[in-house]
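Engineer: What follows is each chain in one-letter form.
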Amino acid sequence: MRPDLPKYKTSDEVDFVIIGSGAAGGIIAKELSGNGFRVVVLEQGPYLTEADFTHNEIKILNEDLLTNHPKLQPNTFRKTPDDKAKLQRAVVYGRLVGGTSVHFTANFWRLHEIDFIERSKIGPVPGATLADWPITYADLEPYYTKVEWEIGVSGQAGASPFDPPRSKPYPMPPLPVKSSGVLFEKAARTLGWHPFPAPMAILSQSRPGRSACVNCGFCLGFGCEVGAKSSSLATAIRMAEKTGRCEIRPNSYVHRIELDANGRAAGAVYFDEKRDVHMQKAKAVVVCANGAETPRLLLLSSSKQFPNGLANSSGLVGKYLMLNAGGIALAVFDEPLNDYKGYAVSRIIHDFYENDPQKMGFYGGGGIDARFDLTPIGFAMGAGLPPNAPRWGKGFKDLLSHNFTRTTEIFAHTTSLPVENNSFSLDPDVKDAWGLPALRMTYKDHPDDLKFARWLTARGMEILDTAGAKQKWTFPIEEQQFAVHLLGTCRMGNDPKNSVINRDHRTHDVKNLFLCDGSSLVTSGRGQPTMTIEALAFRAADRITDLSKRGEIA
Amino acid sequence: MTTMNTNRREFLLRGCSSLGTIWLSAHWPSLLSAAAHARHAAQSVEPPKLSFFTADQAKEVDAVAACIFPSDDTPGAREAGVVYFIDRALVTFARDDQKTYRDGLPVLQAHVKDMFPGVEKFSAATPQQQDEILHSFDDPSKAGGRRRPFRGGAAAQPFFENLRAHTIVAFLLDPDAGGDPNGVGWKLIGREREHTFQAPFGYYDKGYPGWQALPTDADKGKP
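Same order as they appear, the protein sequences are chains A and B. Using the working numbering, you'd call the opening residue of the first sequence number 1 and step up by one each time. Using the working numbering, you'd call the opening residue of the second sequence number 1 and step up by one each time.
If you're looking for bench data, these hints aren't it; they were derived computationally from the structure. Ideal Cβ placement from N, Cα and C applies to all residues, glycine included. Please note that the accuracy of each hint is not assured.
Here are the computed distance ranges between Cβ atoms for each label pair [claimed, not checked]: (1) A:Ala-458 with B:Ala-154: 36 to 44 Å; (2) A:Leu-72 with B:Thr-196: 44 to 52 Å; (3) B:His-195 with A:Asn-421: 27 to 35 Å; (4) A:Asp-546 with B:Leu-214: 39 to 47 Å; (5) B:Arg-102 with A:Phe-362: 51 to 59 Å.
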């Protein structure tokens, strides 16, 4: 049963307009509307539901049913600011109500204490602008717990000796182990490491209106057809709508934040589905459009007062982009694992989360997971097959027949250092289908990021060896040109000169403009950012509510 | 795909690049219709009706697809109705690809003639010749790559890659989500058709006692 949903007029000055309905936008909408505020959420993509999702690989992976479309919103890419950017798909994110949380893998690691204070602990890293966060793990801990309980995360507290302190156990047990997880667990223990059940934002026990995971096997890249994956769509958006004070307005592509004569945000200007232009008035604006589109929107909103982009007096909007590095190893075992059944990841290790750069010779940290996330077409096209595999004929058939059920993967997830040249900006030449400057990505991995990714992937290969893999292979780790984790591009900090938002997620420059999503992160974590983005969103909503009640926004 | 490691997420989200550029504008009902058509064609005793291909073109596409997934001790592309799936696709969701076939088939045939003068088309070549032709599309940079640089081979390569991608799609698309309804491809790879599964899933998780804490030294094995 859908509650009566409010419809606000664009001329109604609502309390908050939130731009984006993903991991952060959904939670902030739920929290602010739950706290009594009138909220409009503008989402550029459509409002799909479970009934619209499908296991059709072509529609999902190749036609961008759930994701930004390269024909409508092209990207350009270059390695350094001295290069001319080329037209190239550089970014994938969820473009629908629920955002990227609809199709993510759902690895829900918390950050550890070190992530917030690493600059102080290890000192500067040449070629990067590593910084401490203005908040600590202790500040965020209650909100991590909120995510686990309110949004739904399965896991086992205390299973990892490297876990940071927590105030409560997980609300539900881990998902059932997969064959890949068992092999990984045994091998990692033999090597003296500490494997543990992966915390996943997927239900192991049903909740009202949501099924426990049915192990259908179409998870990463796909929308969950039974609501088991804890996307914003399946959780926060519905809770926000239940308050009766939150309107989710899909197919609304915001391209400008308007200021009033006093330099305060007055509302959000957007294209509707017919490309008619509207402005939703609001007392305050919260941008949760992701680490690519949030800086792009600020840059698109330049004005006389902010000639270099809204809230960009620091010049850092779009900069310090971090993608997370990593590496993959694949292996074939003697017996069928049938790892296509179920969700992706059942076991991980954090033994190499924190390392001493002096001893290693380079900076970096990470985690390793055991997973299988390949679907049949992608597997056969080459993603799941060993190097030099036959591509047709009896040999191809025999290989698919033998390997599909016997193959598994190891994914090493690692740090990216904040480098000022790595950025999102507006392309000077290429336009999107609405005539707006296209998103331009500039990125070159810090050398330490590549070194550590290679080092950690080699540990993954050791696990596969120890597990008795019959055949195993990996791929060269090269500079990245493609982004899924979109982090650090409007970083949080105390000093307006070297950050875009303060510890309350308020922009240093505009009193009633807040940003919260992957762009807020100061460091990259170890490869699984969504849990932290959601914890930040719960905290930001608390801070915004508090400021509003004290009359410090209006 | 040489840099699959760093482009891993891209690969997962896009499939391979040739596929990404081709099957762009599918509509869900048309895909179902293509599958239904393929099934009907496979089950019918009447010669199946083609919507896009001429009989000659269909024979060529079928011959290549049958080399990619031959019918031997297990069913192949023919039993999965691959040529009919592609044919239907080209008048529904993959209309943009008509040109790929219209232009590509003659290029392939020119390549065949280059390699084997007197042989006019792929379907007319002997099985051994067909093997030679497809080996000319191997990647010579890979160990064991047997690519033979015949004149015209480079021009025909993109068409072969497209056709190979389409054949894999037709063969392995979820049988309950628009693919071959008989699920020939899924049977081959051992992918069960159920939509829900329960643990234990495979050989190695059978009898797993559940995660147990071990009293280990947290610092062991650290770099």
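Engineer: Next step is simple, just say for each hint if it's right about the structure.
Structural biologist: Hint-by-hint comparison with the structure:
The supplied range of 36 to 44 Å is met by Ala-458 (chain A) and Ala-154 (chain B), whose beta-carbon atoms lie about 37 Å from each other. For Leu-72 (chain A) and Thr-196 (chain B), the Cβ-Cβ distance of about 35 Å falls outside the hinted range of 44 to 52 Å, so the restraint is violated. Between His-195 (chain B) and Asn-421 (chain A) the beta carbon distance is about 47 Å. The supplied range of 27 to 35 Å is therefore violated. Under the hint 39 to 47 Å, the C-beta atoms of Asp-546 (chain A) and Leu-214 (chain B), about 44 Å apart, fit the expected range.
With their beta carbons about 54 Å apart, Arg-102 (chain B) and Phe-362 (chain A) fall inside the hinted range of 51 to 59 Å.
Checked against the numbered hints given earlier, this structure breaks hints 2 and 3; the rest are met.
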